[in-house]
Amino acid sequence: SQTIHQWPATLVQPVGSPLSLECTVEGTSNPNLYWYRQAAGRGLQLLFYSVGIGQISSEVPQNLSASRPQDRQFILSSKKLLLSDSGFYLCAWTGRGDYGYTFGSGTRLTVV
Amino acid sequence: GNSVTQMEGPVTLSEEAFLTINCTYTATGYPSLFWYVQYPGEGLQLLLKATKADDKGSNKGFEATYRKETTSFHLEKGSVQVSDSAVYFCALISNAGGTSYGKLTFGQGTILTVHP
Numbered sequence: 052s053q054t055i056h057q058w059p060a061t062l063v064q065p066v067g068s069p070l071s072l073e074c075t076v077e078g079t080s081n082p083n084l085y086w087y088r089q090a091a092g093r094g095l096q097l098l099f100y101s102v103g104i105g106q107i108s109s110e111v112p113q114n115l116s117a118s119r120p121q122d123r124q125f126i127l128s129s130k131k132l133l134l135s136d137s138g139f140y141l142c143a144w145t146g147r148g149d150y151g152y153t154f155g156s157g158t159r160l161t162v163v
Numbered sequence: 064g065n066s067v068t069q070m071e072g073p074v075t076l077s078e079e080a081f082l083t084i085n086c087t088y089t090a091t092g093y094p095s096l097f098w099y100v101q102y103p104g105e106g107l108q109l110l111l112k113a114t115k116a117d118d119k120g121s122n123k124g125f126e127a128t129y130r131k132e133t134t135s136f137h138l139e140k141g142s143v144q145v146s147d148s149a150v151y152f153c154a155l156i157s158n159a160g161g162t163s164y165g166k167l168t169f170g171q172g173t174i175l176t177v178h179p
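In the order they appear, the protein sequences are chains A and B.
For this note's numbering, add 51 to where a residue sits in the first sequence, where the first one is 1.
For this note's numbering, add 63 to where a residue sits in the second sequence, where the first one is 1.
Looking at chain B on its own, in the form it has when it is part of the complex (with noise of 0.2 Å):
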């Protein structure tokens, strides 16, 4: 079956720092790849995503680039703000067997914090 393995938090920086949240998968035909964010309180939100090999997804700073041979779509960002603060989920689609649905498989969740 499809699952999604992330790096385990929680994560601590400080503001400006480089993250890189570590993410691998495995899934049957091929993926389709994605960052969900959840703020305190709140739901969840598109991050960024890719749906196929060497694509990168970008947003609000944040990129990832979905990597076939490694299997894996690792989030980084260049200089973080303390407005980064959230959970991260990582999280893909497969698309094999051409279902007319798509459940999307989540991992576990990166908690980030960033102090001024």
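Here chain A stands alone, though its shape is the one from the complex (with noise of 0.2 Å):
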């Protein structure tokens, strides 16, 4: 079966300090995957898409990247975080043409 991990689940990080989000999908290949930001009181807002290794698109211009160095492992980066990243970060992965995503855990951003 399919299973998405996503690590850390809670980071506290100085202002300016690097940033490194993993997502790993196990039991499938060449899926889409997805990082999308949960701001608090606020939607979800997607960040980062890729359909491939090495194809990375960006929704919104921010502080943030993403890259996708093997098939199933998705990074979001930062080199100097801000306040305005804290926040809840998931991952999440669809199939090829199936729109039925399945999202990780979680992990809880907090910039101090």
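In case anyone wonders, no lab produced these hints; they're calculated from the structure.
Be aware that a few hints might be false.
[As the list claims (entries may be wrong)] In the DMTMM-like style, the derived pairs of lysine to aspartate or glutamate whose C-alpha atoms are separated by at most 20 Å in a straight line are:
#	chain 1	residue 1	chain 2	residue 2
1	B	166	A	110
2	A	130	A	110
3	B	119	B	78
4	B	166	A	122
5	A	131	A	73
6	B	166	B	147
[Stated by the list, open to error] Here are a few chain A residues that sit away from chain B, every Cβ distance over 10 Å (derived from the structure):
#	residue
7	57
8	59
9	73
10	75
11	110
12	113
13	118
14	120
15	123
16	126
17	130
18	136
The beta carbon of each residue, even a glycine, is placed where N, CA and C say it ideally should be.
Make one complex out of these two single chains by using the hints.
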């Protein structure tokens, strides 16, 4: 069966520090991968999506970047965190031509 | 562009009360519609979905009917339980253009609290 792993679950980082959040999918190949952010009291915003290795599309300009070094690995990064980067980050995947999203358990990031 | 509008919360109900959370959308093409639920401290789980007009999605006593004429997908449950307390998100994927990926557009979420 397919599973999605996301870590860490919680993270407290100082302003200006780097960030790396990792997401991996098991039990499938060539998934579409997504990073969403949920700011406090707000809905979910799509940050990045990827349809293949090395293929990254950004939905909104921001302080973050994403990479897909392997087929089932999706990484969210920042060189210097801002206070406004705080939020709940969710990774998700879908199969090709399949609109059934599976979400990871999320990472709660607090920038202090 | 695509957008989803949900009724503002929070919604507070007593156990066994009837629940309605309104959701309306604008989209190009013929979207698929979803309700996701987020329990405290967890990620999102798919609650139900409908892929074409007049379809009814149902799961765990929740129902929602895809109404193309009113561009709505309201969530209902006849008798809520304390365990239903969560945040509920309405969402859509528009398959206009035949893209090979599906980007979910979410509403802002509605917090539901059910008291014993």
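Here is how each hint holds up against the structure:
Among the hinted pairs, residue 166 of chain B with residue 110 of chain A is consistent with the structure: their alpha-carbon atoms are about 10 Å apart, no more than 20 Å. For the hint pairing residue 130 of chain A with residue 110 of chain A, the CA-to-CA distance comes to about 19 Å; that is within 20 Å, so the pair holds. The suggested pairing of residue 119 of chain B with residue 78 of chain B is violated, with an alpha-carbon distance near 24 Å, which exceeds 20 Å. About 19 Å separates the Cα atoms of residue 166 of chain B and residue 122 of chain A, which keeps this hinted pair within 20 Å; it holds.
Annotation: proposed proximity of residue 131 of chain A to residue 73 of chain A holds, straight-line Cα distance about 17 Å (limit 20 Å). Pair hint residue 166 of chain B plus residue 147 of chain B does not hold up; C-alpha atoms about 27 Å apart against a cutoff of 20 Å. Not every C-beta of chain B lies more than 10 Å from that of residue 57 of chain A, the closest at about 8 Å, which undercuts listing it as non-interface. In this structure residue 59 of chain A is separated from chain B by more than 10 Å, as the shortest Cβ-Cβ distance comes to about 14 Å.
At the 10 Å boundary, the C-beta of residue 73 of chain A stays outside the reach of chain B, the nearest C-beta of that chain being 15 Å off. Listed as outside the interface, residue 75 of chain A is consistent with that label: its C-beta sits roughly 15 Å from the nearest C-beta of chain B, beyond the 10 Å cut-off. A cut-off of 10 Å between C-beta atoms contradicts the statement that residue 110 of chain A is not in contact with chain B; the least separation is 8 Å. With a least beta-carbon separation of about 16 Å from chain B, residue 113 of chain A lies farther than 10 Å from that chain, consistent with its non-interface assignment.
Non-interface status of residue 118 of chain A relative to chain B is upheld: no Cβ of that chain comes within 10 Å, the nearest being about 17 Å off. Once the 10 Å rule is applied to beta carbons, residue 120 of chain A is consistent with being away from chain B; the minimum gap is 19 Å. Every beta carbon of chain B lies more than 10 Å from that of residue 123 of chain A, the smallest distance being close to 16 Å; the non-interface claim holds. The claim that residue 126 of chain A lies off the interface holds: its Cβ sits roughly 18 Å from the closest Cβ of chain B, which is beyond the 10 Å cut-off.
At the 10 Å boundary, the C-beta of residue 130 of chain A stays outside the reach of chain B, the nearest C-beta of that chain being 26 Å off. The claim that residue 136 of chain A is not at the interface with chain B holds, since no C-beta of that chain comes within 10 Å of its own (minimum 19 Å).
Violated hints for the displayed structure, listed by number in ascending order: 3, 6, 7 and 11.
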